[in-house]
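As you go down the protein sequences, you meet chains D and C in turn. Okay, so the first sequence: first residue is 7 according to the working numbering, each after it adds one. Okay, so the second sequence: first residue is 7 according to the working numbering, each after it adds one.
Watch out, some of these pointers could steer you wrong.
Since copy identity is lost for identical chains, a pair holds within one copy or between any two.
[Unchecked claim] Here are the simulated DSS-like cross-link-like pairs (lysine-lysine), alpha carbons at most 25 angstroms apart as the crow flies:
id: 1; residue 1: K377; residue 2: K449
id: 2; residue 1: K54; residue 2: K449
id: 3; residue 1: K418; residue 2: K377
id: 4; residue 1: K39; residue 2: K342
id: 5; residue 1: K39; residue 2: K103
In case anyone wonders, no lab produced these hints; they're calculated from the structure. From a predicted model like this one, the values you see are computed outputs, not experimental measurements.
There are 2 protein chains.
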Amino acid sequence: MRLSRYFLPVLKETPREAQIISHRYMLQAGMIKQASAGIYSWLPLGFKVLRKLENIVHEEQVRAGHIPMLMPTLQSADLWRESGRYDGYGEEMLRMKDRHGRDMLFSPTAEEMFTDVFRSHVSSYKDLPLTLYQIQWKFRDEVRPRFGVMRGREFLMKDGYNFDLTKEDALHAYNRHLVSYLRTYERMGLQAIPMRADSGPIGGDYTHEFLVLADTGESEVFYDSAVTDIKMGQRDIDFDDVAQCQAVMEEFTSLYARTDETHVPDEFAKVPEANKRTARGIEVGQIFYFGTTYSEPLGAVVDDGRGGQVPVHMGSHGIGVSRLLGAIIEASHDDKGIIWPEGVTPFHVGILNMRTGDDACDAASEDIYAKITAAGLEPLYDDRDERAGTKFGTMDMIGLPWRITVGPRGVKNGVVELTSRRTGESEELSPEVAIERIVEIYKGIA
Amino acid sequence: MRLSRYFLPVLKETPREAQIISHRYMLQAGMIKQASAGIYSWLPLGFKVLRKLENIVHEEQVRAGHIPMLMPTLQSADLWRESGRYDGYGEEMLRMKDRHGRDMLFSPTAEEMFTDVFRSHVSSYKDLPLTLYQIQWKFRDEVRPRFGVMRGREFLMKDGYNFDLTKEDALHAYNRHLVSYLRTYERMGLQAIPMRADSGPIGGDYTHEFLVLADTGESEVFYDSAVTDIKMGQRDIDFDDVAQCQAVMEEFTSLYARTDETHVPDEFAKVPEANKRTARGIEVGQIFYFGTTYSEPLGAVVDDGRGGQVPVHMGSHGIGVSRLLGAIIEASHDDKGIIWPEGVTPFHVGILNMRTGDDACDAASEDIYAKITAAGLEPLYDDRDERAGTKFGTMDMIGLPWRITVGPRGVKNGVVELTSRRTGESEELSPEVAIERIVEIYKGIA
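The following block holds chain D by itself, in its conformation from the complex:
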């Protein structure tokens, strides 16, 4: 993309309404614009990252054997009355009447809808196990929306639901989700620690939240620092392998790691003194096993193969996709702007032409642009007729992890500058070598 033809409204001033860094940078980098309280328009750069996150979530869910579908945002109140949650949900549920006076609501979550699809179409244990999920906009009418997309009212969420014959099978689904979530976050450049959580209004005994450590997190967290040394890495996962998924789950959850809601000081006391950590964390996902809490009232039963009808064992599993943008920025930035991890960056590399209009600089920049594009990557080429300072400022703010700077002196000597946004380190390289490096960096990522 040529910046002269893109829509990237980078703000010069610091937005006063932003209390945390991710909110401020998303506004400044021209990623979002507030439409009304807690509701955002996703400007092109923000939408591009959002779409990348969405695709990563889809890929990892499908890899785990989960099946994508899509529920409507607006739902009839009837199903929620059947499950008993309509009256109890409170003011966070946005309710409305349609032109015929029927009670509708904007889905804050979708246990009822998925259970209804299940009970309408599945009647035999032979069709199990089954995990269905969606990535869809939700609405929760927070009293005081704040922190930009971190605590918005309209937000994009992946929510998945497993349907199993037995508790044992459902716990495998639970573990499978835990493993797939760990993979998902790592691909986004995030370390999200699973922590024992409180099940809250969804109910159930088994639940873990995934927390990204960040000073601006809403939760206080207590953990054994050894937990941050465990990585998924490139391990080969067979999501049908019950023992393997169980082992990964245990590996990642056996060390002490809890939020303030479930913290047990006596347990924490047993953590080796040098490993004790107290910090703040941002919740970016949660998994639940809740058994027959919804299948019983909604009549989601199957023939168990032995002449009986049994309610299925369920769980639900969520990732806050739009919130992840905020979490990634909180975890990865400096005082000049965002620093995107390679897996989620909106453009793979910035090309900064230091002297637009100079024939040699233009030609060298165009050539690099064409070659990187031909390699299947997306460069952002700053071809604007702007001062170098403005161009550097834009690149630093929007946070592309790599930058190729094309200047008149370098071009004369046959070199350009390849700079890492994260370390700030630069190297003078021939354009060909710089391009090769970029291609190499994104091998297996882009």
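Assemble the complex: chain D is given as a structure, and chain C must be docked to it using the hints.
Just chain C now, kept in the frame of chain D:
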């Protein structure tokens, strides 16, 4: 995908509520399930096609130089009061109050929102031309929603908005959209004829609708049959080339083609007798140029480079993405089910194992499945332990354009059967040649 692990609830009975074939087949093929009147859940197969259509629209919009972003579904009433449309929009607009009593609405379209983004961030002619678009769920509270996704209340729409300095530039944007829409429909296997239309509540002098001919169409259409001979084909389009886009527009719109709303019998009388056609059509898109209708009341002005401030010239351009599923099925089916065009089929080929459990059939089917998957295509492998009749019925109903049938006698002789869903013609081929054929068919499509 193995069918035994997919969620494809094909209905045996004919759903009584469906009045038209696309609605009936989408229900029967397990693509959608009605959630409430005019609101559908997209089951996995339906979602898969929807996502493909969405991707084609994105690709063609980006190719034309248009920039994707995303607006929230819920909007504050304030902007709509500013443009003067809030009170006039009528009962199709779904209105609600949030917990603080503020007036909100579910976006039925987004002229106001895009104009607001524009006026907030653009102030100079130097940033023009600019076309922004989104693909987002909309809601229009139809009195009598019907025909499944063809006239639903919650629907997925691509809506784009161009911002230009002059009327001339805006008319180039108009032509560019017309050309990109023609490409889009052709990739979906649809012939959509641009027809002079009525501008309705959006206003403006220039507008074309795109209509797909189908007996169940809601509009009566009158046209010169020669218009159906014109194709975009593989022509090389430069979307910056004003003359080329103008020429394509003229080529596609100079022959008589109108809906009942704009039909002029005296003009139609001049069409050569042998070419006169009256038929029915389904509207799948519309483009508008409406000048300064929104930019003036909303103050979307730019510095014109000569010291003046002028309101920008705008147009809006829509494609009904979810409705397109219905239109494609109306245009492409037979009495056994759907027939997907190759460009939009949910799976590229079905593999039908005639005797699941037979070692030779299983091994041959698995091998074909693995090789087609390795070629980057998505087969749907019917590995269920079902009767052959059931398997053929499912494949015919869900309409994959190609099927490979693996039977015990053929396997013994080293052949499988490759069948075209459209023609019903079958060929006995070695598995290797059948796979090569499939790969060849999808070259440049998948």
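- Task: Since the copies are identical, ignore which copy is meant and state whether K39 and K342 lie within 25 angstroms (CA to CA) inside a copy, between copies, both or neither.
- Result: within (20 angstroms within a copy, 49 angstroms between copies)
- Item | Homo-oligomer pair classification [K449, K54; C-alpha up to 25 angstroms] | Within one copy, since 20 angstroms is at most 25 angstroms while 28 angstroms is not.
- Task: Evaluate K39 and K103 at a C-alpha cut-off of 25 angstroms and name the case that applies: within, between, both or neither.
- Result: between (29 angstroms within a copy, 22 angstroms between copies)
- Query: How would you label the pair K418, K377 (within, between, both, or neither) given a Cα cut-off of 25 angstroms?
  - Reply: within (20 angstroms within a copy, 51 angstroms between copies)
- Which holds for K377 with K449 at a C-alpha limit of 25 angstroms: within a copy, between copies, both or neither? both (15 angstroms within a copy, 24 angstroms between copies)
Every hint, counting from the list given before, is met by this structure.
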